[in-house]
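Peer 1: Sequence:
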Amino acid sequence: MASALAVSTSASFALAQDSAGHDLKAAGTDTKDATKDTGHAIATGSKKTATGTKKVYHKTVSGTKTAADKTAEGTKTAGKDIGHGTKVAAKDAAHGTEKVGDKIAGKPTPQ
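Residue numbers for the sequence shown follow this note's numbering, beginning at 723 and rising by one.
Hints were generated in silico from the structure; no laboratory data involved.
Here the structure is a predicted model, which is why all the values come from computation and not from measurement.
Even glycine gets a Cβ: it sits at the ideal position worked out from N, Cα and C.
You may find that some hints are simply not true.
Claimed, not checked - Derived pair list, reagent style DMTMM-like, types lysine to aspartate or glutamate, alpha-carbon separation capped at 20 Å: (1) Lys781 - Asp791; (2) Lys747 - Asp759; (3) Lys770 - Asp752; (4) Lys769 - Asp759.
Unchecked claim - Listed next, with one range per pair, are the computed distances between beta-carbon atoms: (5) Thr786 - Thr760: 34 to 40 Å; (6) Lys770 - Lys747: 43 to 49 Å; (7) Lys776 - Thr799: 33 to 39 Å; (8) Thr771 - Thr808: 51 to 57 Å; (9) Ala794 - Ala772: 31 to 37 Å; (10) His780 - Lys758: 32 to 38 Å; (11) Thr797 - Gly761: 52 to 58 Å; (12) Gly796 - Lys758: 52 to 58 Å; (13) Lys770 - Ala748: 30 to 36 Å; (14) Thr786 - Thr757: 40 to 46 Å.
Please model the entire structure based on the sequences and the hints provided.
Peer 2: So, in structure tokens, the structure goes:
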């Protein structure tokens, strides 16, 4: 009976060791898998961030070019308007000066 007790105790101790070893192995595998998943998630997030940054960069460049083009066009239009206004004002001033000169010289005002 003592030998039967010794055999059963050794068998249960051996089973406990196998179970603990299996648990450690499973924990190591779980940790390894979790690390791979985390690395994959980080890589995916980084790629998506890079793609988003490129899209925003291109939209910014496009918007800046559009704004510059519109500013240049507006400047040209304003320049033409100012030039036209100056020309009209100069003609009006010359015509006014001519009228004043005629009045000083005593010429009759044309009707």
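Peer 1: Okay, which hints does this one fail, numbers in order?
Peer 2: 3, 6
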